[in-house]
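> Put chain B on the given structure of chain A with help from the hints.
Chain by chain, the residues run as shown.
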Amino acid sequence: MRRPTLFRTPTSPAAKLYARAPVEAGKTPWRKAHYCVVDLELSGLDQRNDEIISFAAVPIDAGRVVAGSALYGLCRPTRPLTEQSVLIHGIRTVDLADAPPFDEAIRPLITAMAGRVLVVHVAWVERSFLGRAFASQGLHLRGPILDTCELGKLLALTRHQPPAPRALDELARSLYLPVHRPHHALGDALTTAQVFLALATHLEEFIPETVQSLARANQRLSSYRV
Amino acid sequence: MAAIPDILEFLQRYPPFADLDLAALELLGDVVEVEYHRAGQIIFSEGVEPVEFLRVIRSGSVEVVNDGQVLDLMDVGEMFGHASMLSGLPTGFEARAAEDTLTYRFPAATASQILAGPRALRYVTRLILQDRHHLRSGPSREATRDYLRQPVRDVIRNTPIICIPSTPIREAAQLMTANGASALIVDLGSSLGIVTDSDLRSRVVAEGLSGDAPVSSVMTAPAFTVTDERPGSEVLLDMLDRGVKHFPVTSATGRVLGIVEDHDLIAIETTSSFHLRHAIAGAITVDELVEAATKLRPTVISLHRGGMTALDVMSVFSVVADALTRRALDLAVAEMRDAPRRFTWLALGSQARREAMPSSDFDSAIAWFGRDDDDEPSVRTYFDEVAAAATDTLTRCGFRPDEHRVNASDPLFVRSLSSWTQEAHSFLDDPTQKKALVLVSVLVDSRPVWGIESEPLIAETFRVARSYPQLLRLLAQFALSHKPPVGFIRGHAIDVAGGRSRLDLKRGAVVPITDLARWAGMTAGVTCASTSARLNAASDYGTLTTSDALTLRDAFELTSQLRLDHQVAQLVAGVEPNDVVELGELSPLQRNYLKETFRAVVSVQRRVSNDLSWNP
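The listed protein sequences correspond, in order, to chains A and B. For the first sequence, this note's numbering gives the first residue as 1, with consecutive numbering after it. For the second sequence, this note's numbering gives the first residue as 1, with consecutive numbering after it.
Rather than coming from a laboratory, the hints here were simulated on the basis of the structure. Predicted model, so just to flag it, every value in this text is computed and none were measured. All C-beta atoms in this analysis are idealised placements derived from N, C-alpha and C, irrespective of residue type, glycine included. Keep in mind that a hint or two might mislead.
[As the list claims (entries may be wrong)] Computed beta-carbon distance windows for the label pairs:
1) Asn-578/B to Arg-173/A: 38 to 44 Å
2) Ser-547/B to Ala-25/A: 55 to 61 Å
3) Arg-173/A to Arg-507/B: 56 to 62 Å
4) Asp-61/A to Arg-38/B: 17 to 23 Å
5) Asp-21/B to Pro-165/A: 24 to 30 Å
6) Pro-182/A to Asp-21/B: 26 to 32 Å
7) Pro-231/B to His-160/A: 40 to 46 Å
8) Pro-182/A to Gln-41/B: 25 to 31 Å
9) Ser-128/A to Pro-231/B: 56 to 62 Å
10) Leu-188/B to Pro-165/A: 51 to 57 Å
11) Ala-167/A to Gln-41/B: 24 to 30 Å
12) Asp-21/B to Phe-102/A: 34 to 40 Å
Looking at chain B on its own, in the form it has when it is part of the complex:
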């Protein structure tokens, strides 16, 4: 008996098999079977039962059919059936031979074992996340389908702002502000450069560049561009892959048509969230607002069913949370006397990072423009009252305040801007103060959502953190102190019969990753940003290797997906969502994925910890 070399050579040409070593390939070669499907023949049906085989197309092509509609056409070398095989869930689509087709099939037992290797795992995870985009059925399927097909040219909002490389940064920033654009294009003749508002903030502010410096000193060039006929879904995946939020869009002939932003692409899909935001903005009493807020959870369920990825759902959820927060403050302020000082309401934590989920605590703070010691007691009383009213409304809307009271209803978090800034600076100088590390972490994850948004932000104080090595070092140690429960999962995997064991996904995976990302981002001069933006910045800056940053990003994506799956199931069952999963409710493969994820995070932590001890 022998594996047939031709088959192995074929597999080696395609991911994820390309990364397998010979022994693993031979394992596949030993169990492979070849099937022939006549054009039109159904290879497996939609939603019947889990598939027990992984299939790879050897010749011909296979249509992915959902509810009678062809969603995708898979070509030679592509694999299918893995999502159902790995999750143990029924298939989300029908696979039908589009022409006479030869497929290789591998039984689940062997295929899962091979695909659980770290590199194959990355590839498959990505595929599955991508499948969710394309192939899940549900109420918002129509919207999803349009979105799938919509070419990216249809979502460009503005005419492009184009400047030449020698344009001064100041002028470029003014151009962007005047046009309400978050990015502009630099014409380099044969290629394009791009400057985003976050480039301006991070590179100009952090590196102390003068406004007279040419825009070419802060641009990214050459920018990755997309042609206008490409479907939005593909472009969004490209953005995810590259960790970029803006792409210049060109016509087939190379003419610049505009810039597409990730938010534009995500927004197309979320008609329901748009209506929800509309209802929120239109609420004129607290009761109406609370009523509008009841639609948020059903929206999450339908977005999830519609196939939106967890990261996208989190960003939609956060946008809606912002809208609710703003309206809650509008209403609170309207009920009260005129504000004695201008003030800003800051979202903290996951909402600030735009990574909130139904289970999230809602943390907040108030900063008013003034000095604590100068202000009369009535000033503080006013803001305490605003905070109490807004917090009360938000709680009624289903946004629980933080259990540790990191919240504007706590006097500690209602302060003047000068007091905040003073404290932030004192943490930079002496990070050994009591609670300094916790508070720095809280303040770095802060984002103004109501009030004066343009003023210097508290989080910005920490942009210079890399000049304060002691703080960074302590923060790194703080981040590394959260250990994913590797041994726990490993122990459990042996004791399969169990099922009583519980796992807190947030504490076990999300916190270790977000804390590490926050620290790594700060080393690169990034303050408040999403976890993946922080990781990208840290890998650009060199704090993390590209592959470690990628590992953490994937781990974050995967655990977020598991959290959301779990919470949506709870919402559907009418249970208050949380992050605690019974290990028994995870499929063996999901457990395997989690185990791999935890291990990956631990190994990154170990490398970071080694680096720290060598470069004190």
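So here's chain A without its partners, still in its complex pose:
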């Protein structure tokens, strides 16, 4: 079923919009760039078998979270949810019975992400699940992905502080920020967006930050580790 990974053709108007939108230049100062903070709730962490069951996207423009334009959606999974996953995010199979199927549900998210730099907490999850989702729409993820988990570590190192917590809620608390509904895509996306603003603001006390410099958090971390 999978399409070849190198040559993909967008399959929907949303996908076309995403594929054509200009990618934010790496040298754009961080406050000037447009971001889309995304959080996914999954049926599990198995990249091959698990699915996205809900998602939220929160835009950041001019260094402010445009919370009024947040997007939240549910996707109908192809197989029943395990008890374990229900315990985590509280979404049951019945709750998703009326949700659109994945291909359809994901389109508003693709539109929301068009032309925006993706910001997530712990990038591999989104990279992997979104990558697969995008592939199904004939798309590649475009542009850099900014990871608040990496940025958190970078700030702690830059400030000569003890390592930053990995968990989103703990990271938010360590920055004296509110923690919104955990394990709810919208709550986590808002928390992540606020954490991102705080981290970028503080990192900029040391050097002027751009989209690219923030995207290279991981490389900057390794230079510290040497």
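Frame of chain A; chain B shown alone:
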């Protein structure tokens, strides 16, 4: 697109958002943006331009800085920027993140719409009035700042007078008189009661209690008390909120230290008015008095700039007017032969209520102790001359006599006490007499300022008004006949381009409110008192519902503030102050506030009118 529930839930925990319905909250949720400010970052600067956003602190805290001095620290859930946003005026302070701070911001267009709802409006009005206390810059800022910080323990004047509940009223009154106190504390063991001189007057006189009755029968208990370390400004706001003028002050351990009065707190702020009163009392010629009086208007301007609220400025202005009146009479009497009779000079109208403003007319009357018909013509001639001389001096001091000549220079208002009292009683019995309602209104708002102040007062005649239902009914109808120009404002709001339309704030809002308050106060046995004291009494007595009384009080406060703002602008421009504003000079939001205020007054009038027709 969806409003984020967490944000709405947060807002719902704080006023004024707590009172909003879900639809209004969602409207805010649709436009909210989240900002992050590093500690020390300036969110907006002082006095640059109007802010276009309302902000609410989500986490962290924000300092309010005026001229480099931190005046206030705002905490989670507090909003800021609204005063500038709503008035369209530059900000009066700098807002600076005290620590890393997250704020929600809402664009003016949506926020103003939401905040213009009646309940949010009350809250915001109060906040803005409070801001004026704290945040306005101007010449007397130093004084304001000290006053802000001064703990209330520093303004207690006397050692407290404390008695036990069984103390007879007579003894309590003697204790108060002997100590020159206006209130005393009743020790109830675990709590405190309080008795004020106005309690004694209203409850004892009105209810005909015997002097042997225990003081506990007239006290207010438990009294709201404040601890001695609280700043004066906060305590004053508490008083405004509760409509109370006296608070017992206790130490942290609960020991009673004294009583603080609203006048004590207001007086701290008014060093300039103190000097002015000193100059007035020291004037030994009319010319010197006139010279001293020229300082009154600059004083008003500086008090206003110093951030004093309109109601406080009005009370200071009235105190100074009293001082000028007294001195004018001292000087007039000194020039003349010995008075043939003892007499009293009565202030009428707004001065009597202590609500005078630069635009106010100064109404007055003379009552001498005697009987018209017994007195020789020379007696009347003497008082006519005193009245003419004093009125002339006061006019030179800038106090215009009333345009309808409700004034001591009119022979109608120079009379013997017995003639006044006789007439007052005749109005009680037959309120349908010609001019009865106007004269009752004039006489109820009368207060002796010179001469024999302790004798029975003319206004007191009307303390028994509630036994005269016909008079009250006619007075109510009279009060309800003044209609705020609701339609006028509404029509204008549509025709925004205008600006030629004028509005008389006094006639449009103040008179309807003060007339209604006077009537409502009389139903509760209150005679001469401030509008807010009357409203409080009427709500305690049950003539007005608590919320209607509050609405009228707020409406009065707001229109008074607009009047004062307008008059100070005129004084600064060298124009003779009046109450007529061009609608064009009001910001859209001020117009909106006025419209809401007028509507609120009209709806109270409607309820009162309904009550009257059901309970004839």
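> Give a verdict on every hint.
Cross-check of the supplied hints:
A beta carbon spacing of about 59 Å between Asn-578/B and Arg-173/A contradicts the range 38 to 44 Å that was offered as a hint. Range check, Ser-547/B to Ala-25/A: Cβ separation about 59 Å, and the 55 to 61 Å hint holds. Checked against the hint of 56 to 62 Å, the C-beta distance between Arg-173/A and Arg-507/B comes to roughly 59 Å, which is consistent with it. The given range of 17 to 23 Å is respected by Asp-61/A and Arg-38/B, whose C-beta atoms sit roughly 19 Å from each other.
Range check, Asp-21/B to Pro-165/A: Cβ separation about 39 Å, and the 24 to 30 Å hint is violated. A beta carbon spacing of about 29 Å between Pro-182/A and Asp-21/B agrees with the range 26 to 32 Å that was offered as a hint. Checked against the hint of 40 to 46 Å, the C-beta distance between Pro-231/B and His-160/A comes to roughly 41 Å, which is consistent with it. Roughly 28 Å separates the CB atoms of Pro-182/A and Gln-41/B, a value that falls within the hinted 25 to 31 Å.
Remark: the range hint 56 to 62 Å for Ser-128/A to Pro-231/B is upheld by a beta-carbon distance near 58 Å. Range check, Leu-188/B to Pro-165/A: Cβ separation about 55 Å, and the 51 to 57 Å hint holds. Distance hint for Ala-167/A and Gln-41/B: a CB-CB separation of about 28 Å, consistent with the stated range 24 to 30 Å. Taking the beta carbon of each, Asp-21/B and Phe-102/A are about 37 Å apart, inside 34 to 40 Å as hinted.
Hints 1 and 5, counting from the list given before, are not met by this structure.
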